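**Student:** Residue numbers (our numbering), protein chains in the order written: chain R, 1 to 241; chain D, 1 to 275.
Hints listed in this document are in silico derivations from the structure and should not be mistaken for laboratory results. None of the values given here were measured: they were computed from a predicted structure. Just so it is clear, CB atoms sit at the ideal spot from N, CA and C, and this is done for glycine as well. A few of these clues could be false.
Distance ranges between label pairs, derived from CB positions [what the hints assert, rightly or not]:
| id | chain 1 | residue 1 | chain 2 | residue 2 | range |
| --- | --- | --- | --- | --- | --- |
| 1 | R | A22 | D | R25 | 48 to 58 Å |
| 2 | R | V62 | D | E253 | 29 to 39 Å |
| 3 | R | K9 | D | T86 | 15 to 25 Å |
| 4 | D | Y37 | R | I86 | 54 to 64 Å |
| 5 | R | S125 | D | D247 | 58 to 68 Å |
| 6 | R | D65 | D | D247 | 55 to 65 Å |
| 7 | R | V7 | D | K116 | 53 to 63 Å |
| 8 | D | D81 | R | V7 | 50 to 60 Å |
| 9 | D | E216 | R | S229 | 48 to 58 Å |
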Amino acid sequence: MVTEHIVTKFDEDLNQLDNLIAEMGGHAEHQFADSIKGLIRRDTELAEKVILNDKRIDAIEVAVDQHTISMLALRQPMADDLRVVITALRIASIIERIGDYSKNISKRTVAITQSAPVGPARTISRMGDVVQGMINTVLDAYLQRNADLAEDVRQRDEEVDALHTSLFRELLTYMMEDPRSISACTHLLFVAKNIERIGDHATNIAENVYFLVHGKMPDETRPKDDQSSYTMIDDSDKNNN
Amino acid sequence: MTEATTNSMTTVMPPAPDATTEPRRVKYSTKNVDVFYGAKQALFDVSLDIHEYEVTALIGPSGCGKSTYLRSLNRMNDTIDICRVTGSIELDGIDVYSDEIDVVHLRARVGMVFQKPNPFPKTIFENVAYGPRIHGIATSKSEIDAIVEDSLTKAGLWKEVKDRLDEAGTGLSGGQQQRLCIARAIAVQPEVILMDEPCSALDPIATARIEELIDELRNNFSIVIVTHSMQQAARVSQRTAFFHLGDLVEVGETGKIFTTPDDQKTQDYITGRFG
């Protein structure tokens, strides 16, 4: 990005694309933070606000779509310019998904607050902090075209996976202890899964940032530590059959 | 084929190898080529291979030396008195600048199509028949007829002109004239076709026809094309070479050059940052 294009409107178009992604990403980060805050504080008003505000993110995604399609048609971008346009298109669709997951967390918050409070607020809060940090950093990485920063985000996903697995176990234990908590805990399981998915999406954005900078996807497999798909509660001490 | 076509000048082309067989044979090998116009050096130490049955695109800003390079391949630069070429340019391993090379013979093996269509001021038929006749490729009326039809068909023009072969070539539209020039070039059964901005004087539809044609001609010829349209280079070529200020900056597989070039100068040029 050292030199400018001969056609200055092209530079303006590319900047506009960055601005849209920055705005969209900022909204998504905020929405996610609010959805976690609403859940922890059992604040249905905030949750309703998050549900309503998701429209905003969807609208920006439409704007990014239109802008990229028009750039492809009118400017026929090449090489790094082409990667900027394609990556923006991909990242916008990922951010839109992040918005959807945040909205879903808030919907479940409305349901959860109808029953008595259950346990693992701290782990959820912790997971939320890590994932929010990932969204924040990966957006910076995108705007700075910084592949190292993106790589840092990819590495952090391991911690999210580990937290998800531990949360999964924790929730199963609560449900076994008190069946009245099953309804709320099931919702929390989905919330935990949503947060874990948002972490994965931040990782996907990071991979796209790497592609934007280097022209190829990162090849080495990133660390993964989500064991929740394999987790069973050991019930041998209760019932031997 | 008739006995006239068995002389050395008209090697019958073997069929193109399967598109997946790589790497292709080197047709033209050029090493350390310098070209001077008087005291001014136009090309600096260019080493580039042209592969058989492949389209090689030469791109770069005006004055970068791409046309000079193209014209040195079939010694078109010989017509310029002050032009001097050093280094090695070999066609099938034979130095084209050696004293034994018959330039007329060389230019029959290496045809050329120019920026502006330049048909002879003769009939459509004569435009195509002239080359094979003077080169002795065909003598009888039926042989000539066959070559004219075949060349015009390969150039995608036969259907449009078959009922008006005795009309003046200059009466055709620009795009048709250019295809007539391509038919004229392939009528002498060359091995390589050099094209110097063949579409820059044509409308988009005529351009699309020529591009389609270039892709078909690739089955039988090695093609080198100079073009100012980067999209055209990207569409028609398999390999692309980028020239700048007389240097060959980068050469590589076309897909790579236009998506992830290695050199910053190539990147800047293809993305429209200098020109």
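**Student:** The structure should be examined with respect to each hint, and the outcome stated for every one.
**Tutor:** For each hint, the structure was consulted:
For A22/R paired with R25/D, a C-beta distance near 52 Å keeps the hint of 48 to 58 Å intact. Separation of V62/R from E253/D is about 37 Å and conforms to the stated range, judged on CB atoms against 29 to 39 Å. For K9/R and T86/D, the Cβ-Cβ distance of about 45 Å falls outside the hinted range of 15 to 25 Å, so the restraint is violated. For the hinted restraint 54 to 64 Å between Y37/D and I86/R, the CB-CB distance of approximately 43 Å leaves it violated.
Taking 58 to 68 Å as the suggested C-beta distance range, the pair S125/R and D247/D conforms, at roughly 60 Å. One distance hint, 55 to 65 Å for the beta-carbon pair D65/R and D247/D, is violated here, with the actual separation near 41 Å. For the pair V7/R and K116/D, the supplied restraint of 53 to 63 Å is violated, since their beta-carbon distance comes to about 28 Å. Checked against the given bound of 50 to 60 Å, the beta carbons of D81/D and V7/R, roughly 41 Å apart, lie outside it.
Checked against the hint of 48 to 58 Å, the pair E216/D and S229/R passes, with Cβ atoms roughly 54 Å apart.
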